[in-house]
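Sequences listed follow chains A and B, in order.
Quick note on the numbering used here: the first sequence kicks off at 203 and runs consecutively.
Quick note on the numbering used here: the second sequence kicks off at 94 and runs consecutively.
Simulated from the structure, these hints should not be mistaken for lab results.
Any given hint could be a false lead.
[Said to hold, decoys possible] Non-contacting residues of chain A with respect to chain B, defined by C-beta distances greater than 12 Å in every case (computed):
id: 1; residue: Pro279
id: 2; residue: Leu376
id: 3; residue: Thr468
id: 4; residue: Arg470
[What the hints assert, rightly or not] A few chain B residues facing chain A, derived, Cβ under 7 Å:
id: 5; residue: Met145
id: 6; residue: Leu219
id: 7; residue: Glu303
In this text, all values refer to a predicted model and were calculated from it rather than measured experimentally.
Beta carbons are placed, not taken as given, at the ideal position from N, Cα and C, and that holds for glycine.
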Amino acid sequence: MNSVQFTKVVGPACVQDLGRVGQLALGLPLGGTMAPSRLRALNFSIGNDPHAAGLEVFGSVTFEVTHATRFAVDGGPAERLEPGQSRTITTDGQRLRILALEGGIDVPSVLGGRGLLPHARMGGHDGRWLRSGDVLPLGALPGADGVHTPHEALPSTPHAELLVPLFPGPDAHLLLSMEHIYAASFRLSRTSDRSGVRLEGSSIDLVSREPGAPSLPLVPGAVQVPPNGLPIVLGPDHPVSGGYPVVAVVARSALEPLFVAPLGSTLRFVPSR
Amino acid sequence: MMALPALSQPVFLRFEPYGDRALLAPIAHVDPAHRATLLEYLRAHPSVADAMLTEHHALVVPHEAHDFPAEHTVPFADLPPREARTFHIGVRWHGADLAEAADLLKVPASNLPGLYMAHPYTVSFLGFLPGFAYLRGLPPALELPRRATVRPRVPAHALAVGGPYIGIYPEQSPGGWWLLGEAVDVELFVRSGPDAGPLFRVGDRVTLVEATT
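Please put together the full structure from these sequences, using the hints given.
Structure follows, in structure tokens:
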């Protein structure tokens with residue numbers, strides 16, 4: 203069986219696919235990669251099923267394969283790796299890189315997905331982040347040839363303010379007005395992770411705060427305002443319910459650009475049309 | 094196994110957009126005993142990809158390109174009654190906050206376990222951590238306010254009370270509830286294999302008993 207060995211892993215790296223649909227009632231968020239359109243395109247370029255699992259790399263990985271294997275990384279064309287060769291993928295100003303390997307990373311599917319859910323220690327490779335020396339199985343070679351096109355690079359150094367369209371959320375009435383949130387400028391905090399993008403730079407005042415407010419179901423893109431006023435935009439591994447007010451929800455089409463933006467980028471919210 | 098009483102009255106739900114992918118409806122008017130049936134109904138709806146409940150809201154994620162009607166009458170009379178499962182959970186009553194809780198509730202610490210074991214609990218909703226169930230059924234006299242500070246590390250399987258809820262931490266995590274005991278011989282979240290998922294589901298009954306091991 204074909205496999206991939208990650209001979210050196212620096213920083214977080216995890217197996218991800220397009221997520222687990224239909225498990226919210228079991229307490230599990232959708233999860234899946236923060237860059238689904240990229241993973242789909244990379245899979246397409248090497249003939250994989252769009253749902254094949256790839257790797258999210260937040261630092262650097264070096265890998266080798268047991269059999270000749272095509273692979274694709276964001277920002278480059280599909281390539282071929284022979285046994286005995288190795289390749290290294292490193293973030294260089296980007297928040298993350300996405301790697302797709304021919305056949306897909308064939309870790310067991312748990313509750314409909316192969317991706318790591320870190321706080322549940324579930325999915326991915328043994329329910330954990332990758333470590334140097336890990337060997338992961340690859341699936342059967344796909345029948346299709348794929349289309350060898352170069353992929354759009356993920357953004358590295360931010361050159362412009364991110365404009366993120368919002369819909370009012372179930373607790374929008376706790377804002378002085380939606381204009382209050384559109385007027386503020388934020389930075390993507392380095393404490394952000396797969397559960398949420400934490401914002402800093404401006405804090406959001408609420409008209410009132412109900413202690414012990416009933417828990418609300420949560421979705422990716424929900425904008426929560428915790429007691430310190432610094433908003434959190436929930437990511438793929440969000441808790442399924444929570445008590446912080448949800449004042450707004452990011453438009454779905456804006457989630458991937460937000461999740462792949464380099465931490466430290468500046469952000470402004472705008473009304474969704 | 095205990096069947097819930099038959100449902101006859103349809104319940105009206107009005108969903109509002111929750112962003113551009115999901116819908117949210119208030120459900121505080123739904124009898125808590127019927128919430129599990131409502132959840133199964135929503136999950137089985139042909140237009141629904143995913144659904145979940147908290148005590149006050151139902152969330153629905155429709156399938157791509159499907160319309161889920163904003164106004165919805167749930168025909169409870171036509172739905173099969175859902176069987177509630179009952180779990181008996183053994184507890185060792187040696188929680189770090191047991192003595193302090195007894196002081197606050199003005200009962201001898203040795204009496205506290207018996208008081209908490211005298212009531213059946215029901216899974217109201219899931220959240221916080223995978224496998225964490227918010228259990229209802231505490232009499233007001235046994236409720237404890239959330240603690241002033243959050244402990245950075247609550248041990249796995251801690252049985253704890255926070256506000257009107259009692260619950261069991263599936264694994265070590267931060268927590269601000271009162272630690273009364275430790276649940277034994279129970280796996281609250283199975284991480285792999287065919288039984289993967291949480292032990293408790295909405296509507297399940299939980300009875301606490303003295304641990305024998």
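Hints and how they fare:
1. Pro279: 30 Å, holds
2. Leu376: At about 15 Å from chain B, A:Leu376 clears the 12 Å cut-off, so the statement holds.
3. Thr468: About 23 Å separates A:Thr468 from the closest Cβ of chain B, which puts it past 12 Å; holds.
4. Arg470: 18 Å, holds
5. Met145: Cβ of B:Met145 sits 4 Å from chain A, so the hint holds.
6. Leu219: 4 Å, holds
7. Glu303: 28 Å, violated
Violated hints amount to a single one, hint 7; each of the other numbered hints is respected by the structure.
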